[in-house]
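Asker: Model the placement of chain B on the given structure of chain A, informed by the hints.
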Amino acid sequence: MTPATLYGLCAAALVAIGLFGLILHPSPLRKVISFNLVGSGTFLFFGVAARRGAVAGFLGDPVPQAMVITGIVVAFAATALAVALLLRMLESGAPTVDGPPEQPDDLSP
Amino acid sequence: MSLAVDLVMVLLILTAAVWTILARDRRDAVIAFIVLGLLLSLVWMRLLAVDVALTEAAVGGGATGLVLLRACARLLPVEADGALPGLRLQVAVGVLCAVVGACLAAVILSPPEPAPSLAPAVAAHMEDVGLKNPVTVVLLAYRALDTLLEKVVLVLGLIGVWALAPDLFWGGRPASLRAAVPSGTLTFLARVLPPIGVLIGIYLVWNGADHPGGTFQGGTVLAAMWLLVMMADLGDPPETRALRLRRLVAVGPALFIAVGLAGFGMADGFLSYPPGYAKPIIVAVEVALALSIAVILGLMVAGPAAKEPDQ
Numbered sequence: 002m003t004p005a006t007l008y009g010l011c012a013a014a015l016v017a018i019g020l021f022g023l024i025l026h027p028s029p030l031r032k033v034i035s036f037n038l039v040g041s042g043t044f045l046f047f048g049v050a051a052r053r054g055a056v057a058g059f060l061g062d063p064v065p066q067a068m069v070i071t072g073i074v075v076a077f078a079a080t081a082l083a084v085a086l087l088l089r090m091l092e093s094g095a096p097t098v099d100g101p102p103e104q105p106d107d108l109s110p
Numbered sequence: 009m010s011l012a013v014d015l016v017m018v019l020l021i022l023t024a025a026v027w028t029i030l031a032r033d034r035r036d037a038v039i040a041f042i043v044l045g046l047l048l049s050l051v052w053m054r055l056l057a058v059d060v061a062l063t064e065a066a067v068g069g070g071a072t073g074l075v076l077l078r079a080c081a082r083l084l085p086v087e088a089d090g091a092l093p094g095l096r097l098q099v100a101v102g103v104l105c106a107v108v109g110a111c112l113a114a115v116i117l118s119p120p121e122p123a124p125s126l127a128p129a130v131a132a133h134m135e136d137v138g139l140k141n142p143v144t145v146v147l148l149a150y151r152a153l154d155t156l157l158e159k160v161v162l163v164l165g166l167i168g169v170w171a172l173a174p175d176l177f178w179g180g181r182p183a184s185l186r187a188a189v190p191s192g193t194l195t196f197l198a199r200v201l202p203p204i205g206v207l208i209g210i211y212l213v214w215n216g217a218d219h220p221g222g223t224f225q226g227g228t229v230l231a232a233m234w235l236l237v238m239m240a241d242l243g244d245p246p247e248t249r250a251l252r253l254r255r256l257v258a259v260g261p262a263l264f265i266a267v268g269l270a271g272f273g274m275a276d277g278f279l280s281y282p283p284g285y286a287k288p289i290i291v292a293v294e295v296a297l298a299l300s301i302a303v304i305l306g307l308m309v310a311g312p313a314a315k316e317p318d319q
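Going down the list, the sequences are from chains A and B.
Counting in the working numbering, the final residue of the first sequence is number 110, and the numbers go up one at a time with none missing.
Counting in the working numbering, the final residue of the second sequence is number 319, and the numbers go up one at a time with none missing.
Next comes chain B alone, as it looks inside the complex:
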């Protein structure tokens, strides 16, 4: 019975994936991709990885889908956008890709025994850190350097997006996100949902230490609420030159680096926490990071400046 559910899930995922590639219209392809992201977040639940399921639903399906849909709206309508080159080439590439897939499948069907696992190493350190969510322990203690570098990647990505603004518009507002056709439903939702959404975002961040959730998931929910307000035309994207905005972008990574450097004096080295104080430090870093992530994700979806800065 249980396996039948998984089999149906796999069939749905493969259908969505094939449709993503074969759809003639690019908008259909993006919508199939969003469906795929939501199905994948269900798969992560089946694999008992709740933290990943939340991230996949919020970022993989939601935020990425929004970026792609905005791109579709701004591209010219072109017929047969999804046209693939000649049949002979399709067959040749198809065979090669099938070989790659078959090799990967062979790896899956001959797994190493016993399965390699770093779980015991994490379990040994959970006591020292004092958190109950093992994924948060890995993200902010055991492999904190990865997480720090990833935050730096986010900031660099945002700088990259901003750098694409024409000289004339540097520091101005990004293009408006409002829907082409005003929708009463969207405006209504944008007035009703944000208080609830902000509460859920804060809950996910606060609870991430001991239960599924954390900075990414909470930060993305906060970003989604901000984007909803902008899409319903209840607020414009902010000027990218605003100092307060840039401070919000930097506060999370800056605090994380400061905590890391403090580790040299107060503990064993970079990014190590003084014994007994690990939990309060981690929660403080998580709150700052969630704020930065919310602002960075929202600004990345909004895109580069597209208007001249106000005088």
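Just chain A, same shape as in the assembly:
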């Protein structure tokens, strides 16, 4: 087994673990973290594809590598926006599982 294949399997596991947290965690902040885990796994797939495409004297295919760099920065922007939305939601008094909820019924719109 080559290291690239090993990291490919690791990426698959990361996506599965992140998906688990994304579905099951009731807290929005934990959902954001889980979603970032899925993203990290996806980026790692690109890394494996880049390593496999190492031809023409390059150490890896530069196109997927450049896309991952773009992706990491966009993921950061999305996370920062999601966290800002989350904090604003709490400050405006909207009921969420991150604050102590008064009654479970409050969660319904």
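Treat the hints with care, since some could be wrong.
What the hints assert, rightly or not - Away from chain A, derived, C-beta distances all over 10 angstroms, residues of chain B: (1) 187; (2) 191; (3) 273.
Unchecked claim - Quick list of in silico lysine to aspartate or glutamate cross-link-like pairs, EDC-like style, CA-CA up to 20 angstroms: (4) 32(A) - 36(B); (5) 32(A) - 33(B); (6) 315(B) - 241(B); (7) 32(A) - 92(A); (8) 287(B) - 136(B); (9) 315(B) - 92(A).
What the hints contain is simulated information worked out from the structure, not anything from laboratory work.
Where a beta carbon is used, it is the ideal one built from N, C-alpha and C, also for glycine.
Answerer: Structure of chain B alone, referenced to chain A:
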């Protein structure tokens, strides 16, 4: 021997990932996520993608971790934040996620032969552009449109964050980043590190044309130095209405778009560079972009305005 190192890396990553999900306290989860980001940047080194490793360490682990830690500090302490719903549901979702993971693993274990690669296409154009770092060639020449749109996404993200400020505070300063407990070590570091950090940031941007590094990595290091100064309470976040600040946010994307439009007159079309001048144009765009990225990242971590603007 080599594979043993990789195996240990994978085990560490999976442990950090599971801990990120299962930790009871949200702060523990965020710290596990930061550890995961640093481990992943080591993996990118193992995959010989140095540019990505630098970005992952700076943005994926560092900046994202800082945003999440700030959120933790502002949320109310709630017990059992990480409590998951009933065991039966956990097993059902676990099985489904395992199926997804297994399908992805099957794809990895049956790769297409020969492996698809765009490297030859990039190699064919490297001579024309005159840069030696293939990743920078892709980012700023071969797929420049992606990079341009990503800058626009960053600016839109910042507008989105700013738009969440209450009406009363519009244009004011973001909440202070200073630590709740003043720390002598932090103040000391914030005085000593920035000159070195700024130098490293400029080096990464300047060197990105021919060696690993570039606008993102350099810009993020510059942003980190700015944030360090703000966290040590040696400087407040600036007012979001300040014109100079907004100009800095816009200068990178604006120059990039202007260069793109100039391509219609001077070369083959949008975002194409006139032959022989590609390298100086790209370096100029990179410098402007690095400035904008540093300011945008710092402001995104600082968040929306939380104080009334000064009179």
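Asker: Starting from the hint list further up, note which numbers the structure goes against and sort them upward.
Answerer: The structure conflicts with no hint, since it agrees with every one listed earlier.
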